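**Student:** Each of the two chains sits in its own frame; use the hints to bring them together as a complex.
For the record, the sequence lines run as chains C and Y. Here the first sequence is numbered in this note's numbering, starting from 1 and rising by one per residue. Here the second sequence is numbered in this note's numbering, starting from 1 and rising by one per residue.
Calculated from the structure, these hints are not laboratory results. Please note that a few of the clues may not be correct.
[Unchecked claim] Part of the chain Y face toward chain C, derived, beta carbon under 7 Å:
1. 28
2. 29
3. 30
4. 31
5. 47
6. 60
7. 61
8. 157
9. 160
10. 179
11. 181
Since we're looking at a predicted model, the values are computed, not measured. Beta carbons are placed, not taken as given, at the ideal position from N, Cα and C, and that holds for glycine.
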Amino acid sequence: MSSQEMLRWINEQFKGTNQLTEKTLDYENKYIVLFYVKSMIDKALLQKIIIKPFFEMANEHQLRSYLLALPQFQKVESKEQLLFEITNGYTLVVIQDDLFLFDLKLSKNDQVNTTTVETTIHGSQLALSDNLLTNINVIRSTYHEPSLVTEFFTKGGANKQKVAMIYDKEKVNKDVLNIIRKRLQSVDKQVISATTQLNNFLNNKRFSLFPQMIMTERPDRIIYNIAGGKVILLEDGNPQSLAAPVVFFDFMTTMEDNYHTLLVSIFLKTLRYVGLFISLLLPGLYVGVTSYSPEVFRTELALTVAGSRIGVPFSSFVEVLFMLFFMELLLEASIRLPKVVSATATTVGGLILGTAVTEASLSSNIMVIIVSAVAISTFVIPVNEMAFSIRIVRFLLLVIASLFGLAGLALGLFVLIMYLVSISSFGEPYLRFYNFQKQKERTEEHI
Amino acid sequence: MQKTTNKTRVFILLILSMLTLLSGCEFKDIDKVTFISMIGIDQSDNSDKPFKVTVKLYVPTSSFKQSPKPQYAYLTENGETLSEAIRLLETHSDKKLDFGHAKLVIIGEELLKANKEKEILDLLIRRPDIQLISWVAIGRPNAEEIIKMVPKSETAAYPAIFNYFDDNGTESPYSVSTFLFDFRRRMVESGIDAILPIIEMEQEESQFKINKAYILADGKKPHELSSHNTMLYNLLSMNIDIGDLIVNEEGHSFIAKIDTIKSKYKVKVQNDNQVRLDLDIKLFGYVSESKQSMQTKSLPKYNQLLEAEAKKSITDFFTEMLEAGYDPLGFGLKYKATTLPNQRMSMEEWQDAYKNAEINLNITSGLKSTGTIQ
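Okay, chain Y solo, but in the shape it has when bound (with noise of 0.2 Å):
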């Protein structure tokens, strides 16, 4: 009896020790995955299959010393739905496709003018693998034009266009970066309005451009920012500190660079749900170009300069916005969090009082010098 019980023990042991050297069904050894840099999402021309996937591979290399040329592969495949895109996707590659390094979802600008990003967004919230701190933007002409492309000045391993979006390449006041989880926040979320960059490319196609975005609602067509006003988002919406302001008025010509920010702002109900918006903006920075040569001691009235240009271009930005009754920066989330629910009017009457607001510009500025030394 001893015996045969040693004899099973030792059995047992020498399964186990062998089973850990079989592989299960969840382990995926790394060089059997392929990973995915990013995905582009157009409108096809097959109305059966309106959904035209595009996803850039990363094609491992063995050494990026040895190859620092960038190297990809790009499938493409229509569906009916999103996920059937993707299934059929991943029969054209014979290894596992692996979302999880997707830096960037680029939408095509046709199949945002077919109001279809909510549909978009759904799978992309789902899917585990799509990580939400992704950035989203609308490409044009399409999304697969601008996934294809490789600027010259791309390195192995890291796609060029990822630096405009994060904070460690560029950081222009021109371009907005919005992540995939504040992008569904700002679908889902009402008072709040999305805003997307728009990637264009350069005619010689060796460069990309993003100085423009697209402001998204639910149910409107969606508004484009000029570079200006996109810039003047960013100053506003304090996403980025530094800005540049042309002051061009009384003989004056001159580029306010602004570097710091501080920005309040208000919204106050006054009867008849008539709203009044009280901006408080105070701006910082130093004059970076001239035409005329400047005096430090007449600052102040550079100061008064550069108030009334920001003013001017501020109070057009937000008349644009009013107008089309967009609502990037919030003002009715604040609303909604500042006033109690039996005292509030419904989003509806707030669209309308919104549309009518009145604005109440207060703008400081604090030249801290005309960038030369005297």
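Chain C on its own, in the form it takes in the complex (with noise of 0.2 Å):
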């Protein structure tokens, strides 16, 4: 196909729309044409690297040499891929019958964010930004390995975002590696507007309540999950990547753990599995105790609760259900709400509802404390996306225990344990504690 014949079928593809804008530069026997489409380019750089040469060289000859040294040329393979780079911020320049792309794309959102999901006091408080290319460059400047691969897919038959899917090709998990390609290139969804959407389209599962992958918007964790040879999706326009595969424990671990010193982290890490445990047991227990087994409570105890509860008009479980609502309503309102309400839900949500429903005495004293208990212990599970799987989980627990007393409950956690066992994020095992076969290598490797 000739420069002429890709020319109009570009021109007739913008046909209608105001989009394109055709310059024509023509001086002292030079000349050339400019397609672009005026709010994608960076119309400074525009004038500073192609126009403003165009009027100070001698002749086309020299322009040529000169345009094609630029670092922003790029070669034109196909009428498509033109129209695609156009659409993307690419300025066309035409000299006789060659045809030139220069990435002259305005960039708005390549700014670094601030941490706001995983914030951190040690290390690094900044975050990636909306920007793919600016992304890249953040974990390239930070992972110096010559073996860091960076492959790109266009998704979305809508919006064709760009994904890059990133690795260390020497430490990554071949098995998953194709897996998650074959996986990506399957995708045929009409718009795919963040990263964490790749979840749902990659897992192959239509109910899956634990994430598969682990969301992160910390340059650190991704650099240590690429060190750790897992493969990092990252889509254009998203301040979130995606690192798989994942075990459970992942998500119980923040990047400050290795910040701290050993003892302080051990602390830290236990703190945070007593806090799962006390979130998805809680509420159980709590049911099953003073419900079916009283004789568990010291005799004190046992005598507050049933003291506590004098006049209180729910039984056990619709007064746990109740009140875990309010707190579920409560967490997803100031999740939504404006920055500047969101203060006020709280206050009233929080304090004037906990305290008026027990002087309603619509639920006891000790429920108020157990379910401000559960609502802090649901924060200190680090990664976000776990936080809303346990609250479904505690939620199950709940039921079972309600219906079954404390052997439900524990038999609950055992079928809980039985399900993460049984399943498996893209080929490895999800509650793997430790990795056998890693160690393994590791010291045959020393041998």
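**Tutor:** Listed below in structure tokens is the structure:
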């Protein structure tokens, strides 16, 4: 296809819209034509590196050599690529019959954000940005290995977002890499607007409770995962990345664990696991113990609980459900609300509701303590995705405990563990505590 | 077709979610349960219904801070058997009686003298909600009076009497505490005899007094131990490490406070089924009270005096035990455990041999100080 035909085709594609700008430069027997989408390009840059040199160059030959030497230069391979790049912010330069593409894209979203989801005290406070290339830049500039590979995919039938898959080709788990690549290629959705959507599209399951990939916005976590042989997925326009494969215990670690002294991080980890179990089991335990086997309590506690339930009209599990439901509402509301209003919501919900509920004896004092303990311990789980899953599991365990008592709760926990053992993340066991295979390989290497 | 299945699905889901709001039979809210704090079993005057069961119930209050005074309710019922009495007790209460928190079982002294403790034991062991880790004690003059007494020092929710038995409150060498499971084991097992503390009341009925014990054995009259012997039992069985021995000899008069005791017992069988009990006891402690001034350099002398005194006391204790044929320290069990079955004498033979046993007592005392700084 000749360049003339290509230009005609491009013009046809943009026909009826006033998107494409055509600019003809003609001065001292030099003649070029520029095509670009005005809203996508950096006009100052265009002026500086193309228009200004055009008027300073002695002849077209020199201009052509100059343009070819520019780092923004890219070759034209097909008309589809040409069209895609123009919509993507490239500028097309026509000299005689030759077509040259120049990346003059203007990005307003390449500022690196500060961490908002995974905040830490130690370590970097910077997260990823919304811009894919900036993100790759951030990753590359902290991971200096030539083996780092970036593969690009274009996903989303309608919005055609760029998805990047980053891994260290020497350390990566090859099986996982192949599975992810295959599944990524077979993803067929019209609009993909967030990286975390891929979590659902890649796991091949309709109902899944636990996340199969870990979401992170911290570059240090990404580097840590790449070095550990994981695959990172990034999408343009998204400040979050996904890492796969994962085990359950990944969701219970923060990057800070590596930055603290050993004993401090052991303490913090213990705290987190205790929090996990409290938030999972406490509501169920309350119902199971108060209604099925009160002899588990200390006598004083049993009497206090019995006393504080005087006048409460509901049985214990309705009471727990009722309070947990309001807690969940409060949690959800404080996420969705504008920041200005959310402080009021917490005050009204937490303080006023909490005290008023006990004043009106709709719920016992101890119940309010339990619900707040549960709410606080849910926040201890460092990765947000897992906290959401735990909130659902908690309700399931509560229902089982209200039907079958403490024995049911124990069995429910057992079933949960069995479920976690049965699932896998891209072929890797989800609840793997320790990787014997890897350790074996490592020792063999040493020998 | 598709529509109807969807409808049934929705219906089932709805019903299921509504079902969770209904409580089942096993489900019992904690405010519909009354907790029993202790059980008393007496002999009643009615010979048709010989068992009289008294239970002490906790009355729950919404806040112990607002009402720190203890509040209890009492239920009493006679019955032909214990289970009948308990069944009838349930008709006295609007809430479910829960034995799960009953920490103490008091058996009336008269019932004990009528040798009915085995009958009682059966129900206490079989009933699932009675904890095997509850304590068993004898009530003097009867269980009901002990149960109904609330001492002045008592605070809400935790009866003062429990403090005598658990290791959190008072730790006196004069009171023994026996768990239900241990009581049963000692009753059933041959070669070791059960020991139960006696709960008495002070004259003014404001405090309990627990410093004596009964030794029980199957088919024998219960034997009462004096306070001194109870303390010696506690020391010898190493239940409690502390104890006082009063030395009053050779013009010296002091009290040795024992804080550590190490003892080794051996059962040696000689020819003709003659049993020798080898007791090797080491006592450590200091002088806690003295009428004379004491010199640190003469500690060896005091040790000798203490050894002599301890030997006398312990020999007296064992003589009393052997004469009555009681074996609270479990020498018979030790003999059974360390002898092969074909070389072992029968339990009857052992009983006779035990009564005529020779005691070989070897006491080493190690007073560490005279208790004062010179």
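**Student:** Decide, hint by hint, whether the structure agrees.
**Tutor:** Consistency of the hints with the structure:
Below 7 Å, beta-carbon pairs count as interface contacts, and residue 28 of chain Y has one with chain C at about 6 Å; its hint therefore holds. The criterion of a C-beta within 7 Å of any C-beta in chain C is met by residue 29 of chain Y, whose closest approach is roughly 5 Å, and the hint holds. Among the interface hints, the one on residue 30 of chain Y holds; its C-beta lies about 4 Å from the nearest C-beta in chain C, closer than the 7 Å criterion. For residue 31 of chain Y, the interface hint holds, the least distance from its beta-carbon to any beta-carbon of chain C being 4 Å, beneath 7 Å.
This hint is violated: residue 47 of chain Y has a C-beta 35 Å from the nearest C-beta of chain C, more than the 7 Å allowed. Restraint check, residue 60 of chain Y versus chain C: the minimum CB separation of about 4 Å is within 7 Å; hint holds. Nearest Cβ of chain C to the Cβ of residue 61 of chain Y: about 5 Å, under the 7 Å cut. The hint holds. Given the 7 Å rule on beta carbons, the hint for residue 157 of chain Y holds: about 4 Å separates it from the nearest Cβ of chain C.
At its closest, the beta carbon of residue 160 of chain Y sits 13 Å from a beta carbon of chain C; the interface hint therefore is violated under the 7 Å criterion. Here the hint on residue 179 of chain Y is broken, as its CB sits about 16 Å from the closest CB of chain C, past 7 Å. Look at residue 181 of chain Y: its Cβ only gets to about 16 Å from chain C, farther than 7 Å, so that hint breaks.
Checked against the numbered hints given earlier, this structure breaks hints 5, 9, 10 and 11; the rest are met.
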